[in-house]
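From first to last, the protein sequence lines stand for chains F and H. My numbering numbers the first residue of the first sequence as 1 and each following residue consecutively. My numbering numbers the first residue of the second sequence as 1001 and each following residue consecutively.
Since the hints were made in silico from the structure, they are not lab data. As the structure is a prediction and not an experimental result, all values here were calculated from the model. Be careful, since some hints might not be right.
[What the hints assert, rightly or not] Computed list of lysine to any residue pairs in SDA-like fashion (alpha-carbon distance at most 25 Å, straight line):
no.: 1; chain 1: H; residue 1: K1484; chain 2: F; residue 2: S161
no.: 2; chain 1: H; residue 1: K1293; chain 2: F; residue 2: G329
no.: 3; chain 1: F; residue 1: K242; chain 2: F; residue 2: D232
no.: 4; chain 1: H; residue 1: K1503; chain 2: F; residue 2: Y350
no.: 5; chain 1: H; residue 1: K1503; chain 2: F; residue 2: G329
no.: 6; chain 1: H; residue 1: K1417; chain 2: F; residue 2: T189
no.: 7; chain 1: H; residue 1: K1441; chain 2: F; residue 2: T175
Chain by chain, the residues:
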Amino acid sequence: MMKFDTVIIGGGLAGLTCGIRLAKAGQRCAIISSGQSALHFSSGSLDLLNVLPDGTEVDNPLEAVKQMPTLAPSHPYAKIGAERFADLAADAVELLTGAGVAVVGEAVKNHYRLTPVGGLKRTWLSFKGYVTSDKGDALPWKSVALFNAEGFLDFYTQFLSDEMRKMGTECKVHTFNLPALEAIRQNPTEMRSANIARIFDSEETLNQLAEIISREMGDAEAVLLPAVLGVDCRDGVAKLEKRLSRKVAVIATLPPSVPGLQVQTLLRRYFQELGGVYLLGDTATGYKSEGDNITSVYTHNHGDIALKADNYVLATGSYFSQGLVATNGTVVEPLFGVDVAYDKDRNNWYERDMFTAQPYEKFGIETNADFQALRGGKSVNNLYAIGAGLMGFNAVKEGCGAGVSMLTAINVADRILSKR
Amino acid sequence: MTKQFDVIIIGGGATGAGVARDCSLRGIKALLLERGDIATGATGRNHGLLHSGARYAVTDRESAEECIKENMILRRIASHCVEETDGLFISLPEDGLEFQAKFIESCRAAGIRADAIDPKEALLLEPSANPAMIGAVRVPDGAIDPFRLTTANLIDAKMNGAEVLTYHEVLDFLREQERIVGVKVLNRRTGETAEYRAQVVVNAAGIWGHEIAKKAGVTVKMLPAKGALLIFGHRVNNIVINRCRKPADADILVPGDTICLIGTTSSKVPFEECDNMYVTTDEVDLLLREGMKLAPSLEHTRILRAYAGVRPLVASDDDPSGRSVSRGIVVLDHATRDGLEGFITITGGKLMTYRLMGEWTTDLICKKLNISKKCTTADVPLPGSREKEETVSRRMHSIPVAQRESAINRHGELAEKVNVQDAEHRSLVCECEEVSVGEVKYALNELDVHNLVDLRRRTRVGMGTCQGELCACRAAGLMAQVGKYCTHQAKQDLTNFLNERWKGMAPVAWGDTLRESEFTMWLYDGVCGLGNDKTKK
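Pulled out of the complex, with its shape left as it was, chain F reads as follows (with noise of 0.2 Å):
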């Protein structure tokens, strides 16, 4: 048997927030990750609301957020409430910062950020060294030199630079080759992001990307490259910049994303070092209950060893993570099976356009207000559910992912740690 304050799982942004919260608090959690999380396709910013469920756009999220109980009541927003809202938005930005995870923005204003295929979208916070604009029409520059690797398919110049100039700012394209990268060209499935980024944890290559750019940008204000400067060393926009002696910024890829990685190992790092125990590579496969109350969980890896604790969060993400697992009929939550809102009528789920708001994206696990999950419409005593898993919102559609699941992972850890 193992024994724990907290057992979280799911190790993505939500789960890893959650345990940080907690673990910062005294508390010995244990969080149980396969692996994977949505951070993986991460686009280098945390949004928090950008369209209201009625479709209006959002300025401020904090006045915004006042009008959730109205438009959306089973919204995770709404059950927070918009005053401890703005709170656990600036609990987050510390925690991020406690983490060593460096970001530009404010909850009282969103800013844009520049998406891989070159438009401007609304955002929270962007990691820093991103490509940010404070006008949702134009970028902070009149010139720029955009530069890729040879042969990189996941980042579009293209797309970049003419939208760059319907923006006002004048663009020029400038590829590069390295003689790290003719390695990895050879095999032809290799010219991955995160690949090309290793090859910037070298000093030697990063000099060698300087004296390149430094040759070729002319009098460009700014210089822009694909986000894979580096897994390991974090800090190649600050190097170059330094080098160059010019403002250097870097735009999101197609997935893996690299900044996104790097974000999850930095919460990770965090969290154990503040005496978390982080299961890697591990999966909940079962639980024992007794009344209200779940009394162990068991994994994959441990067998017939208990994960024990007073409390649990479920932080297992939406589908494409399974924490819900959709049938031809029915959606379900696979671990504890808590109570899941969805139509029973499979008709109903989605939409034929693809980019309008699919009704499957609502469907999630059913929480009271203090997101205690519910066994047959009554709460679970010691288990709750927080991040992409939820029900009543969609996080695509009003640009609220990651506010979701880290304010609502702060939010319970906070009841948890009230309950003693």
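With chain F's structure known, arrange chain H on it following the hints.
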């Protein structure tokens, strides 16, 4: 100035392509007009089954005989489009063995090899087949890639002087007295209209031939019969599995490339639905239920997508199922039938008999044009099937084996036109289907590709398990790079492509398919922001 041809063919399916090739090989100057991309109608929306004819042996002897003859011809002339898998007709306890005896007798009478084998032996040959079977018959079924087949016919037609215009829709006919002398067309990409003249116009528009005939002022009564199919993410079987009973719903499971297909249903649909058909939940459930009887493991196999085609059957009675209508070929000479000169309708038939349909139509065209050249399409191999794979492979030995083999598999000896000489061109755009940058560029430059969906039909980009998740964006990036379109169009195209994929995934979006859909949506709508793109033109 109006351009003059000997013959104008309306419809870029297998039939139209077959007519164009046959005409060109006989020295007749042909123009083929297709309102969308090639193979978008019934040609690209069926099983891809190289019928042995066995399925029709009991009920339709004539079709069965045509099938087995064409089957043998296609193995010769279109070897790069054909996979010689063989087929099994299995009898389940609920079917009994009564039909089997009649079936074997009818097959043999039609010239189709049909050998009854012990169920145990059948299971050794095809371990995925239902072990409850009480009888099995082995027949020369196979698999055929209809996209490749249509492309190869058009490549040959063009090599012999034909012109092919995709995204050109016939608006009206040009006529002089009781004679069709040409067509007025709309270029759907540019919005421009043009006129083309010819001595003969051929209506080879499949189910849409109904409307084309109407425009010409004649009536061809057709019966649109929808057939829905499911594609599975794994190749469960290596031999075609059929049910040994009278043709019914969902009783054929065909392997093809890395996947397998179950189909079909059959239901009458109104003409309005033919342009945009959705597979219903009921159809999906029925296909799964019946499919599992052929191969029980389908229950746990991931479904990639669902799609439906419309059989261009010529209505003869009001059978609501559309199954008792003959699959026979119908060539209508509107001069003798309706007193309208210069207009021919070719319809009915099936993918298997596309070449024969081309032959009969071209024979009639020759008669009208006083040309006495004989048909050679049964003897001259199609481009891509002119050399043995091993020979081509030996010549391309410097190319890494994965790209070499998938390129040869898809393009036959034309694979040599694919530039994969350097590492950059060998880089993979689509990992599921091993499509390289070089192959994409070849398709963009030489195979009439105007958008991502066209590209998928030529190269299989986005056809694999991920359904275009990452490769779609990579391919769009390449298309923008070679100047196929501007950024605004590229984004529009990406959106269309993803929606086209979603259309097939939505009816089966549960389990892993829903996981994949959610990921795609997060990526393109969330990370890339394509859903609410407000960038300027």
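Status of the hints after comparison with the structure:
A distance of roughly 16 Å separates the Cα atoms of K1484(H) and S161(F); the hinted pair therefore holds under the 25 Å criterion. Only pairs whose Cα atoms come within 25 Å are accepted, and K1293(H) paired with G329(F) is accepted, the gap being roughly 21 Å. Restraint check for K242(F) and D232(F): satisfied, since their Cα atoms lie roughly 19 Å apart, inside the 25 Å limit. A hinted pair counts as satisfied when its Cα atoms are at most 25 Å apart, and K1503(H) with Y350(F) qualifies at roughly 10 Å.
This hinted pair checks out: K1503(H) and G329(F) have alpha carbons roughly 19 Å apart, not beyond 25 Å. Note on K1417(H) and T189(F): the hinted pairing holds, with a Cα-Cα distance of about 22 Å set against a maximum of 25 Å. With a C-alpha separation of about 19 Å, the suggested pair K1441(H) and T175(F) falls inside the 25 Å cut-off, and the hint holds.
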